[in-house]
Structure formats: C-alpha cells, structure tokens
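If you read the protein sequences in the order shown, they are chains A and B.
The first sequence maps to residues 24 to 488 in my numbering.
The second sequence maps to residues 158 to 457 in my numbering.
Treat the hints as calculated values from the structure; they're not laboratory data.
It is possible that part of the hints are untrue.
[Claimed, not checked] Covered stretches of chain B, as calculated for chain A (at least 3 residues, CB under 8 Å):
id, stretch
1, 265–273
2, 295–302
[To be verified] Simulated crosslink set (DSSO-like; lysine-lysine; CA at most 30 Å straight-line):
id, chain 1, residue 1, chain 2, residue 2
3, B, Lys-259, A, Lys-141
4, A, Lys-141, B, Lys-376
5, A, Lys-63, B, Lys-212
6, B, Lys-189, A, Lys-52
7, A, Lys-141, B, Lys-189
8, B, Lys-242, A, Lys-141
9, A, Lys-68, B, Lys-212
10, A, Lys-141, B, Lys-221
11, B, Lys-247, A, Lys-141
12, B, Lys-207, A, Lys-68
13, B, Lys-207, A, Lys-141
14, B, Lys-164, A, Lys-101
15, A, Lys-63, B, Lys-264
16, B, Lys-217, A, Lys-63
Predicted, not measured: the structure shown is a model, and the values here were computed from it.
For each residue, glycine too, the CB sits at the ideal point set by N, CA and C.
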Amino acid sequence: MKNRPKLSLLLIVLLTLVCLLINLSEPVKVDFTLPNPSGKPIAVKYNYPGLPFMKVLGRDFAFHRGLDLQGGTSITLKANMSDIDFSQRDNALNSVKTVIEKRINFLGVSEPIVQTSKAGNDYRVLVEIPGVTDVNQAVQLVGKTAKLTFWEAGSENASNSARIATDAASLAKLGLPAGVPQVLGLNAVKTELSGSDLKQAAVTFDRNTNKPQVSLTFTADGAKKFGDITKRNTGKILAIVLDNELIEAPRVSTPIFGGNAVISGSFTTQQANNLQIQLNAGALPVSLTVLQQQAIGASLGQTSVQKSLVAGVVGFFVIVVFMVVLYKRLGLIASMALTVYTLIVLTLFRLIPITLTLAGIAGFILSVGIAVDANILIFERMKEELRKGRSHTSAIDLGFSRAWLSIRDSNMASLITSAVLFYFGTGVVRGFAFTLALGIFVSLFSAIFVTKTFLTVFYKGGEEK
Amino acid sequence: MLNIIGKRNWYFAFSLLVIIPGIISMLLWGFKLSIDFSGGSRMTLLYPEKVNEQKISAIKNVFKQNNIELVTLQTSNQTVVVRTKPVDDKQDAKILKDLQAKTGNVKQEQFETIGPVIGSETTINAFSSAALSSLLIVFYIAWSFRGVRKPVSSWRFGICAIVALLHDALLLLGVFSLLGHFAGVEIDSLFITALLTVIGFSVHDTIVVFDRIRENLRKNIEAPFEQVTNDSILQTLVRSLNTSLTALLVLTTLLLFGGESIRWFVVAMIVGIASGTYSSIFNAAPLLVVWQNYASRRKK
Numbered sequence: 024m025k026n027r028p029k030l031s032l033l034l035i036v037l038l039t040l041v042c043l044l045i046n047l048s049e050p051v052k053v054d055f056t057l058p059n060p061s062g063k064p065i066a067v068k069y070n071y072p073g074l075p076f077m078k079v080l081g082r083d084f085a086f087h088r089g090l091d092l093q094g095g096t097s098i099t100l101k102a103n104m105s106d107i108d109f110s111q112r113d114n115a116l117n118s119v120k121t122v123i124e125k126r127i128n129f130l131g132v133s134e135p136i137v138q139t140s141k142a143g144n145d146y147r148v149l150v151e152i153p154g155v156t157d158v159n160q161a162v163q164l165v166g167k168t169a170k171l172t173f174w175e176a177g178s179e180n181a182s183n184s185a186r187i188a189t190d191a192a193s194l195a196k197l198g199l200p201a202g203v204p205q206v207l208g209l210n211a212v213k214t215e216l217s218g219s220d221l222k223q224a225a226v227t228f229d230r231n232t233n234k235p236q237v238s239l240t241f242t243a244d245g246a247k248k249f250g251d252i253t254k255r256n257t258g259k260i261l262a263i264v265l266d267n268e269l270i271e272a273p274r275v276s277t278p279i280f281g282g283n284a285v286i287s288g289s290f291t292t293q294q295a296n297n298l299q300i301q302l303n304a305g306a307l308p309v310s311l312t313v314l315q316q317q318a319i320g321a322s323l324g325q326t327s328v329q330k331s332l333v334a335g336v337v338g339f340f341v342i343v344v345f346m347v348v349l350y351k352r353l354g355l356i357a358s359m360a361l362t363v364y365t366l367i368v369l370t371l372f373r374l375i376p377i378t379l380t381l382a383g384i385a386g387f388i389l390s391v392g393i394a395v396d397a398n399i400l401i402f403e404r405m406k407e408e409l410r411k412g413r414s415h416t417s418a419i420d421l422g423f424s425r426a427w428l429s430i431r432d433s434n435m436a437s438l439i440t441s442a443v444l445f446y447f448g449t450g451v452v453r454g455f456a457f458t459l460a461l462g463i464f465v466s467l468f469s470a471i472f473v474t475k476t477f478l479t480v481f482y483k484g485g486e487e488k
Numbered sequence: 158m159l160n161i162i163g164k165r166n167w168y169f170a171f172s173l174l175v176i177i178p179g180i181i182s183m184l185l186w187g188f189k190l191s192i193d194f195s196g197g198s199r200m201t202l203l204y205p206e207k208v209n210e211q212k213i214s215a216i217k218n219v220f221k222q223n224n225i226e227l228v229t230l231q232t233s234n235q236t237v238v239v240r241t242k243p244v245d246d247k248q249d250a251k252i253l254k255d256l257q258a259k260t261g262n263v264k265q266e267q268f269e270t271i272g273p274v275i276g277s278e279t280t281i282n283a284f285s286s287a288a289l290s291s292l293l294i295v296f297y298i299a300w301s302f303r304g305v306r307k308p309v310s311s312w313r314f315g316i317c318a319i320v321a322l323l324h325d326a327l328l329l330l331g332v333f334s335l336l337g338h339f340a341g342v343e344i345d346s347l348f349i350t351a352l353l354t355v356i357g358f359s360v361h362d363t364i365v366v367f368d369r370i371r372e373n374l375r376k377n378i379e380a381p382f383e384q385v386t387n388d389s390i391l392q393t394l395v396r397s398l399n400t401s402l403t404a405l406l407v408l409t410t411l412l413l414f415g416g417e418s419i420r421w422f423v424v425a426m427i428v429g430i431a432s433g434t435y436s437s438i439f440n441a442a443p444l445l446v447v448w449q450n451y452a453s454r455r456k457k
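Excised from the complex, chain A in its bound form (with noise of 0.2 Å):
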C-alpha cells in the first residue's frame, strides 16, 4: 500500500461508491416543523423515492429500526402459576423475565424490552421485539418452558402394568409424556437426567444425512449420571422428552461415560437453533401461554426521530466545518475521510443488520468522535514533524508511526469496554457495545488506510504552515 497510493485512493473510491449507493438505496420521508424564536416555524419537507433498481437486486437495504424508533410487535405471556406456591410466585415471575432476556439474547443485538406485569391476579411477561418479520419465531422461541428430561424402563412388575389406558388423561394420571408409553411402556420412569445437567448444546449437522442435530455436552455431573443411566440401561430404550413430548427414543448401544450425547429428532433448521438457544438460557420455571399479540408504534415518535436525524446531520457539517478552520487542507482531508468513515460505518448497519436504536446511535456518535480524534492526534504530530523543518512526506509518515501507538492504546481500552459491556449486558446496553466496536474498528482502518491514502495523495508540497 506504501507504494501504491494511487491504487488504495482507487478501492478507496469504489468502496465509498458501493457504500453510497447501498445507502442511497432507500426512500427517506422528512416531515415535520422546526420551532423558530424569530417569527414562524419553519417547516422541513423532504421527500426522497429512493434507488428503483436496489429492489431488483432483491435484497431491501432499510434500516432496521428498534422499538424506540419504529416499534414492532409486543407479546404478553401469561405464566401459569397454579403449581407455585403464592409467596415464590414473584421470584418465579422474575427468573421467567431472566431465562426470556437470555433467549433472546441469543438472537442478536436487536434490544427486545422484557417486562413483567400483573393484572389482577394474573402473572403475566411482556415481550416487545422490533419488527415484524419473525413473530413466529419469536413466540416459539420465548414461549417454550423447555424442560429437557430423559426417560427409561421401569421394572416389569409394577402395579401400572396391569393397566392398559393409552389416552391422554390417564397418561396425565400417570405423569408420563406423550410418546413415551407406546416406547417404554407404561411403567417408564424418569431419570435423574435433566436439562440443568447441561452444560452446553450446539446446532450441528449429522455427518451421514446432513441433517440438523443438537448435540449436548454435560456438567462433570451430569456426565457421570449419563455414564449411570447408559450403563444399566445398555440395549435398552432411552426416551428424551422435552415439554412433556418425546423427541427421540434411541437404544443404548454400549455406556457412554464422556459427557457427550446427541439429540437428532427431525428438526429443521431453525427448530434445532431453537432448541439450543433454549437449552442454552436454562428452561423455564413455570409454563406459558401466549395471552395477546399486537403491533405496537414507536416509543419515541416519529417527530423526534426525525429531528434526531436532523441533528445528526447537522452536527456532522459543524465537525466538517470545524475541522476545516482548525487544519485548512488538513481539515477538508479528514472530513473527505470523515465521509467515507460514516458511509461505511452506515452501510454496515444496513448489510449486518443492526437494529437502530437510540442507544445504539449513542454509541456511533461516539465513534466518529474516535475517528475524528484520530485524525487530529495524527494532524497534531504532523504539524510538531513540520515544524521541526522535515518535509511533507516525511512528516507524513512520522506523524503516523508517532500518533499510531496512542490511537492504539486508547482504541484498545474503548474496545475492551465495549466486548465486556457486550457479552455481560442486555437490550440497551448490548446494543450501544456494539455498535461502539464496529465504529471502532472501522475508525481504525480509517484513520490508518484512508486518511493515510488522502494525505499522501493530496498533500504531497502543499502551503501548510
């Protein structure tokens, strides 16, 4: 790249081509009035069809907009607490509200809004999710207890044995899950198996059929109990239930005492990823029922979005300004760089996607200040490098290697924040935490591939004092 700035200025210019275009793609409707001290509002109206040709590419490059600044759709779950004694039924309320955050965590950063409500003597969960897409999904993945249990063969002579009802009721007497009986008989019983053993489980696919299977790894005690189970249990029939349904009733072959089991039912795809996110977050304590399902608008309002937007804008042109009248050339330099930075950073947000929202906005604001900051502390050594007589090039290059280790040293604390915020935090928290890591890695490319490209392109002998 050292060699060839002509060649990186070219990638730089269709890459910010690409970006411009991704981000052209969509329509933008302004409207709305600005309040004006001096006489009368003035109104902002703006109306933009946007790319006809991006639809033919067949993928929709819109923002994906939060609860906050879109809405989406709101899920009210009644938790069914008729076998929870009245004093814990808040704490189960609560650990209901934990297992759902982490399921949905699991999904991505889209900063879902988990409550937990009461209505009379109803206890209910409210579940607000951007979009609307994936509703389905959704229910299926928050809705599901999850409880994983593993089921044998009882001894022969038991007294049930005599019995011979198969319908739902009397296996409800009975407490066996549906399936199991025509498997194990009517004298199967549980094991001390359960899906708290778990330590994790993962989607993987079935060497032979290439089917979806989720495989499960036990705690150190857990694999032991499984070692047990398998042992006394060699060429008989295992039955894996979950919910209180069997998925699978595979035979014992020989003991398996490493931990390790895998369920291969008849999943799709998506059920299998299901099935681990929720294995994954732990099975819920009491059952729920999805009670309502509506769409719900945005928090925020759409006027405020707007002006938000707005302001955004606004405060972009003042950092180009400002910059201009701090460093001249310079100035224009980094906010030609400064451009390309949020063209790419914007485009990102729209192919990844990540769900806009106003934290996570926060968090962009905050990495274009990095990536303005990089490009003062670069400018900043140049200037001390010029000053002591060096030439253009020179000062170029010294200013870099110098400014380098600060921006990396400062970029690498931002970004320790950021990865442990991400992988501790929840719905705001997490959403803010990553944006600020893309910015931040994005800002460093920036700072080091394009700036350096424009500086060594543009303000090769230039006047700078």
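Take the given structure of chain A and dock chain B to it, following the hints.
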C-alpha cells in the same frame, strides 16, 4: 510555559468541589428513577377508528390534567398503548372516564402493573461489567506501558486512568442526583448509555496523555518526572481540547435540534465529556506525579 503540575492541588480541589456535593446528594436523596427502573402501569386502549395526531394530543392532555406522567405512547391503528407512572385502580377509572369524555368512545383492553425494564439485575450487571472492564484496562495499560522507564511502574498508569474514570462517573452521577432533586430530572435507560459512553471516552482521552508521557520518558532520560509530565500534558493539550470541542459541538447541535426525548441524554453526555477532558488533563497525569513523589519520598 504553563505549569499545570505545579498547581495540581488547585485542580484536585476543584474536582472535589464539584464531586462532593454530588456525592452528598446521592447519599441523601439518591436518584429520581424513571419507570425503566421502578416499573409503573400500562394501559391498552382501543378506539373504534384509526387513531390520529389530534386524538393523541387529546389523550396526552387527559393524562396531564390528571397529573399522571405519561412515559411512552405507542399507537398502531386503533390501539394505543400507554406506559405511565404507577396508577391505582381508582385513578385508572377516573382516567378512563375522562378519556371517554374527551376522546370519544374508548375501551380499555388491558390495565396492568408492569415491572422495570431495567431490573436490579441488569443494573448490577452493568456496574459489574464496568468494573470488570476497568480491571482489564488496568491490565492492558500495565502491559502496554511495560517498557516505560523505571522507577515509574506501568501499573500506576492503569490505576490512575481508572481513578480519572471514577472521577467522571461520580461527577456525572452526582450532577444527575442533584438535577433529580432540584429539577425533577429522571434517570432512565438512556442515562445508562450516556454513562457508559462517558466511561469509554474518559479512558480513551487519558491514554492519549499517558502515551505522550511514555514517549517523552523514553526520549529525555535525564529530565525529572514532573517536568516530563508537564511537557506531555502541554504537548497533547491542543489535541485534547480540539477533540472534546468537536464532540461538544456535535452534542450542542443535538441539544438544539434533537427532540425533547433525548435532551437529558445529551446533557449527560456533555457533562461527562467535559469532565473526561478535564480529568485526563488535570487529574490523571498530575496524580501520577503525586504517586511518584510519594513513592520516592518513602524510599529515602
């Protein structure tokens, strides 16, 4: 030449002067928490026709007249979902009656008492992750500054950076505790975001100053530590001011043009970024000097 290090006690005193009232306020009055933290009520209203802007402002008025703070209002077609401060059954009946009178035929589909969006667990989580990342940053700085000239231990750089971070976090929390008590400003989930942003910015800013100290220590082997630190602060001063001025300018535009809903969020960012710049120049690096002097005095 400006002598920042020489006047360090003044700068420390100024920081304390700003932070201590905030801490007192936090201890005495705590924070005014929004329903994001405390929970509240949620109503689902159903109208016979699509809800328009006029109806929305009429609904907002009814809540205002009843002195019930409306936190969010979301619409979709004929439904309006409203989140408010806690409302009891009597108040609910009154509101419903007023809504019937002022906004026409309306049916209340749901009336629920909702728990917090940000439960205590989430808050504790956010704080413990901030603590964990601070710890990791101390390690990272200690590692990255390991080549620094003895006798200045690289651990001190990390720890001083975190002290500056605490300064900024405490100051921001204190200011909002005071604002909460005297102006009724509430803390919501956006405030958490602002706090995190400020923490990120604070360390970032401090490291740039420290990096310069590291470099100058390597270049001037003979110069006393105080001198090197002061030089480094002055050399990075323009950059520090320019960077935070840029950030503050953008935030000011957000304050002027952005809607009401993000106002206090922006104020929090402005307070935090100003504090972050101050602490990296006037606290973090001078603190290194204090520590160094104390350590060398003990050796004698």
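- Message: A:Lys-63 and B:Lys-212 were given as a pair; does the straight-line alpha-carbon distance stay at or below 30 Å?
- Response: holds, 25 Å
- Pair hint outcome, A:Lys-63 versus B:Lys-264 [Cα-Cα no greater than 30 Å]: violated, 39 Å
- Is the Cα-Cα distance between B:Lys-247 and A:Lys-141 30 Å or less? It holds: about 17 Å lies between the C-alpha atoms, which stays within 30 Å.
- Item | Straight-line alpha-carbon gap B:Lys-207 to A:Lys-68, limit 30 Å | Satisfied, since the Cα-Cα distance of roughly 24 Å is no more than 30 Å.
- Item | Within 8 Å of chain A's CB atoms, at least three CB atoms from the stretch 265–273 of chain B: coverage verdict | This one holds; 7 residues, not fewer than the three required, reach chain A with a Cβ under 8 Å.
- Task: Take the C-alpha atoms of A:Lys-141 and B:Lys-221, compute the straight-line distance between them, and say whether it is at most 30 Å.
- Result: holds, 24 Å
- Message: With the threshold set at 30 Å, check whether the alpha-carbon distance from A:Lys-141 to B:Lys-189 stays at or below it.
- Response: Holds, at about 23 Å.
- Task: Would you check the hint for B:Lys-259 and A:Lys-141, treating anything up to 30 Å between C-alpha atoms as holding?
- Result: Holds: B:Lys-259 and A:Lys-141 sit about 28 Å apart, inside 30 Å.
- Does B:Lys-217 pair with A:Lys-63 here, judged by a C-alpha cut-off of 30 Å? holds, 25 Å
- Query: With a Cβ-Cβ cutoff of 8 Å, does the stretch 295–302 of chain B contain at least three residues near chain A?
  - Reply: Contact hint for the stretch 295–302 of chain B vs chain A: holds, 3 residues under 8 Å.
- Item | Holds or violated: B:Lys-189 to A:Lys-52, with C-alpha atoms at most 30 Å apart | Not OK: B:Lys-189 and A:Lys-52 at ~37 Å, beyond 30 Å, violated.
- For the pair supplied as a hint, B:Lys-242 and A:Lys-141, is the alpha-carbon distance within the 30 Å limit? holds, 15 Å
The structure does not agree with the numbered hints 4, 6, 14 and 15 stated previously, though it agrees with the rest.
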